[in-house]
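With the first letter of the sequence shown counted as 1, position 59 gets the number 58 in numbering that gives the first Met the number 0; the numbers rise by one all the way through.
If you are wondering where the hints come from, they were derived from the structure by calculation, not from laboratory data. There could be a bad hint or two in this list.
Unchecked claim - Calculated cross-link-like contacts (lysine to aspartate or glutamate; reagent style DMTMM-like; alpha-carbon spacing at most 20 Å):
| id | residue 1 | residue 2 |
| --- | --- | --- |
| 1 | Lys7 | Glu104 |
| 2 | Lys119 | Glu57 |
| 3 | Lys119 | Glu45 |
| 4 | Lys67 | Glu45 |
| 5 | Lys14 | Glu62 |
| 6 | Lys7 | Asp141 |
| 7 | Lys113 | Asp141 |
| 8 | Lys7 | Asp71 |
| 9 | Lys54 | Glu87 |
| 10 | Lys86 | Asp71 |
| 11 | Lys14 | Glu84 |
As the list claims (entries may be wrong) - Ranges of calculated distance between the beta carbons of each label pair, as one might list FRET restraints:
| id | residue 1 | residue 2 | range |
| --- | --- | --- | --- |
| 12 | Asp89 | Ile32 | 33 to 43 Å |
| 13 | Glu62 | Asn126 | 51 to 61 Å |
| 14 | Ile32 | Gly134 | 40 to 50 Å |
| 15 | Glu88 | Arg123 | 24 to 34 Å |
| 16 | Asp141 | Lys54 | 35 to 45 Å |
| 17 | Gly41 | Lys119 | 33 to 43 Å |
| 18 | Gly79 | Ile136 | 36 to 46 Å |
| 19 | Ala48 | Arg135 | 33 to 43 Å |
| 20 | Trp42 | Ser82 | 32 to 42 Å |
| 21 | Lys142 | Ser91 | 29 to 39 Å |
| 22 | Glu87 | Thr36 | 40 to 50 Å |
| 23 | Ser91 | Glu52 | 17 to 27 Å |
| 24 | Asn126 | Gly90 | 25 to 35 Å |
Glycine residues also receive a C-beta, built at the ideal position from the N, C-alpha and C atoms.
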Amino acid sequence: MSRTAYIKLVPASNKQEVTIDDLRDYLNYYQEITSKTGEQLGWNYENSAFPYEIKEREDSNHEWFYLKGTSDRYNFILLGVGSEEIKEEDGSARKQNFIQVALPESANFGDKNKAVEFIKFLGRKLNGEVHLFNGRIMYFYDKK
Numbered sequence: 000m001s002r003t004a005y006i007k008l009v010p011a012s013n014k015q016e017v018t019i020d021d022l023r024d025y026l027n028y029y030q031e032i033t034s035k036t037g038e039q040l041g042w043n044y045e046n047s048a049f050p051y052e053i054k055e056r057e058d059s060n061h062e063w064f065y066l067k068g069t070s071d072r073y074n075f076i077l078l079g080v081g082s083e084e085i086k087e088e089d090g091s092a093r094k095q096n097f098i099q100v101a102l103p104e105s106a107n108f109g110d111k112n113k114a115v116e117f118i119k120f121l122g123r124k125l126n127g128e129v130h131l132f133n134g135r136i137m138y139f140y141d142k143k
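Just need the whole structure built from these sequences, with the hints factored in.
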């Protein structure tokens with residue numbers, strides 16, 4: 000089973016390019032909306048919904064960062080951005096950007112479940128094409 004998932008930004012996506020700062024902003028927005036859900040429920044849902052701290056290493060070249068678990072049930076999730084060359088049906092090529100989510104060997108089932116939750120959230124926000132860890136593809140955009 001693959002330990003990498005992707006959110007591909009297709010021509011029908013809301014954005015054609017996402018930076019690391021944009022990705023960090025989306026995760027901060029996710030924390031904000033889950034904390035508001037917790038307030039409505041009268042429960043500290045924020046810590047359960049996002050049990051990670053956002054960390055960036057100096058050698059990451061501002062291309063990736065990782066989420067470090069704040070409890071013993073969660074370890075690490077790596078997130079990065081990149082691009083690839085896609086050949087169109089007419090033979091032309093175009094650049095397609097993506098968000099990559101990777102699970103290191105030390106990741107456990109809690110990390111994988113949270114990663115899938117974040118991937119689906121980002122896919123919905125960006126109207127992207129989500130390639131899950133199990134190889135399945137979810138389309139969050141209108142196909143022609």
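Earlier hints that do not hold, by number: Violated: hints 1, 2, 7, 8, 9, 10, 13, 14, 17, 18, 19, 21, 23.
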